[in-house]
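Number of protein chains: 2
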Amino acid sequence: MNKITSLFNIKYPIIQGGMIWCSGWELASAVSNAGGLGLIGSGSMYPETLEEHIRKCKKATPKPFGVNVPLIYPQTDELVKIIIREGVKIVFTSAGNPKKYTARLKENGIRVAHVVANTKFALKAVEAGVDAIVAEGFEAGGHNGIDETTTMVLVPMIRDIIDIPLIAAGGIASGRAIYAAMALGADGVQIGSRFVASRESSAHESFKKTILQTGDGGTQLSLKKLVPVRLIKNEFFQRVRQAEAAGAGPEELKAILGRGRAKLGMFEGNTTEGELEIGQVAGMIDHVLTVQEIIQSLVNEFNKTAAGMEKLHID
Amino acid sequence: MNKITSLFNIKYPIIQGGMIWCSGWELASAVSNAGGLGLIGSGSMYPETLEEHIRKCKKATPKPFGVNVPLIYPQTDELVKIIIREGVKIVFTSAGNPKKYTARLKENGIRVAHVVANTKFALKAVEAGVDAIVAEGFEAGGHNGIDETTTMVLVPMIRDIIDIPLIAAGGIASGRAIYAAMALGADGVQIGSRFVASRESSAHESFKKTILQTGDGGTQLSLKKLVPVRLIKNEFFQRVRQAEAAGAGPEELKAILGRGRAKLGMFEGNTTEGELEIGQVAGMIDHVLTVQEIIQSLVNEFNKTAAGMEKLHID
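Top line first, the protein sequences correspond to chains A and P.
Counting from 242, one number per residue, gives the positions in the first sequence under the numbering used here.
Counting from 242, one number per residue, gives the positions in the second sequence under the numbering used here.
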C-alpha cells in the first residue's frame, strides 16, 4: 500500500497510459483486472465511442479504471460530460491547461491526475488542484514536451517541488525501471509502450510486430515545429526528417503530416506510411504478451530488484 | 566493495567524468582524494599540458586517478605515449574506435573503460577488450551519441548484453540517481556536470555561475549535423538553433561554430558567445561546492535512499 495504490484503490502502483488507437476498454479492463490501473485513451475517440468503451469497461471489470483526456481537442467538453454521466471515478488529463476541468471533475467525485513534462506545468497542475502528477520524460512515446528533459532528471526535479503523489512515465517497461523510478522519488509509474505490445491492446498486429523489430535508436522525437512526437523511424518519419533538415516550416510539415496518420499506422497497420508512436523502450520489447503476463513480470522483476539492492550501501 | 571499486581500487563507485576545460589535475586529484576516481580530461590539452597535469596530479594524490582520452584528435598517439610513460594506471576512452588503443594500453598494465551511447558500440568495446563500459545517456552534457537514448533506457539495455562492469552516465548528480542507476544494472556512475560546478574545477567562474542559474529545460542537444553536443541555451546556442531551423548544412554550421568556442565559454568565461557544455542536471545544481562536500552528499543521499527503499516490495 502506498500513496498511489491508496489514491486509486488498486493493488500495484502501475498505471497503463491512455494512448490513442491502442487503449480501448479491452486493454484498460485487462490492466485493472490484473491489479494495475487501466486507462481508456479518449484522444482518438468520438464522444459516442468513448461512451461505448466506458460501458464495456464497466462490464469487463469490477475494479477501478480511468479515462485519459488530452485537453486540446474541440470535443473535450463532450468527453468530460460523458465521463461524469457514466460515473467514471478517475481521469488523467494531458496536454492543455489543467485549470479548465479539474475543479468540475473533482466536484463530481473524480480523482484527477495531470501529465506534465516540466516543473512549471507541475506547479500549475498542483495549483489547479489535481490529486497526482505524472512526470513524463523525453524517452516516452507519442506526444512529448518541448524541454526534452529525461525521466532520470525530471522525476527528482518535480519530486523536490511538489508534495502530492508523483507518477513517473517514460522509459519504464521493466520491474527494475519501476524500482529506479521510485528511488528517484516517484510513488508509482505510468507505462505505455509495453502495453501497446500486449494481446489486449487495439494496436494493429502489424504495428505490434514493428515494435518487436524496433531496436536501440529506432525511435526519434520528431515534428518539433508542430507538436513534438516520438515516432518509429519508418518511411514517413524519414520524409519528415528530410524536410526538417532542409528547414521546412510548420505549414510544410502540416502538409506532409496530413490527416489520420496515427490511425493509419497504429490502428490500420500501414507501418510505412503511418505515424507509429512508441517510446525508446521499444528497443527492449521482444514479445507480445498478455496483460496478465506483463503485470506479473513487472511485479516479479521489481521484487527481485528490491531483494538484490537490499543492504546496499556505500561507506 | 563492488565490481567498480575493486576494478579501480577506489572507495566509492563514483567516477568524475573527464571533461574539456574543466577537469585538470586539481579536480581529478580532489575527487581521488575524496574516495572517488578522478579523471584528467585530455581532450582540451596539448601533449605537454597533459604531461604537466599528470605530474601535478601524482603529487597531489596518492590514490588512483585516470585520464580521459577522446579518440578523435590527431594528437591521440602523443597523448597515449605520455600516459604510458608517466605510469598512469587508468584510461577512459571516448568517441572513436576502442580497437586502436585498448590492447596497447592493457599491455602496459592500464585498466581501460570506454564510453558508449548505444548497444552496438558497447559490444564493439567489449570485443576490443576493455575492462568496463560507460553507458552515457542523452541527458549528459557535452558530446553525445546520435541515437538520443536516455540513461533510463540505455543502462538496462546494455546491462542485458554485456557481462563486464558497467558505469552509468548522464543525468546523475545526486545520491538517489546513483541508487537508481544501480537498480537499472550499473555497478558505478560517472558524474560530470556536478563536478564542473565545484571549487576545484577549472571551469571559469562565470560558467559556474551560469550553471547555477540554468533551470529545467535550460540545455539542449545541438549541432546534430556536426557532432551532437548538449549546450546551455545562450546567445550562441540560439544562433545555431535559428540556422538549424532554417535548414543550415554542416558547412554553414561549421562556419558559425568557428574555432575555440568551448574554450571561450567554459574556460575564458564568455557565457554569451562561448559553447557551454553541461548536462540536464544543471537544472538541479544550485551551489558551487567543494569536491569533498559533493562526494559526501552523494554518499549520504545514496545511503538515505537505500534505507528508505529497504523492505519495499509490491504484492
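Certain hints may be false.
[What the hints assert, rightly or not] One-sided excerpt, in silico: chain P residues whose CB lies under 7 Å from chain A:
(1) Tyr253
(2) Thr360
(3) Leu364
(4) Thr391
(5) Arg417
(6) Ala421
(7) Leu453
(8) Asp457
(9) Gly458
(10) Gly488
(11) Ser538
(12) His554
None of these hints come from the bench; they were simulated from the model.
Source: prediction; values computed, not measured.
Every residue, glycine too, gets a C-beta built ideally from N, C-alpha and C.
Consistency of the hints with the structure:
1. Tyr253: With a closest approach of 5 Å, the Tyr253(P) hint holds.
2. Thr360: holds, 5 Å
3. Leu364: violated, 11 Å
4. Thr391: holds, 4 Å
5. Arg417: holds, 5 Å
6. Ala421: Hint holds; Ala421(P) Cβ to chain A Cβ min 4 Å, cut 7 Å.
7. Leu453: Not OK, violated: Leu453(P) not within 7 Å of chain A, min 15 Å.
8. Asp457: OK, holds: Asp457(P) within 7 Å of chain A, min 5 Å.
9. Gly458: The hint holds - Gly458(P) has a Cβ within 7 Å of chain A, the shortest such distance being about 3 Å.
10. Gly488: Holds, about 2 Å.
11. Ser538: violated, 12 Å
12. His554: holds, 5 Å
Hint check: violations occur at hints 3, 7 and 11; the rest are consistent with the structure.
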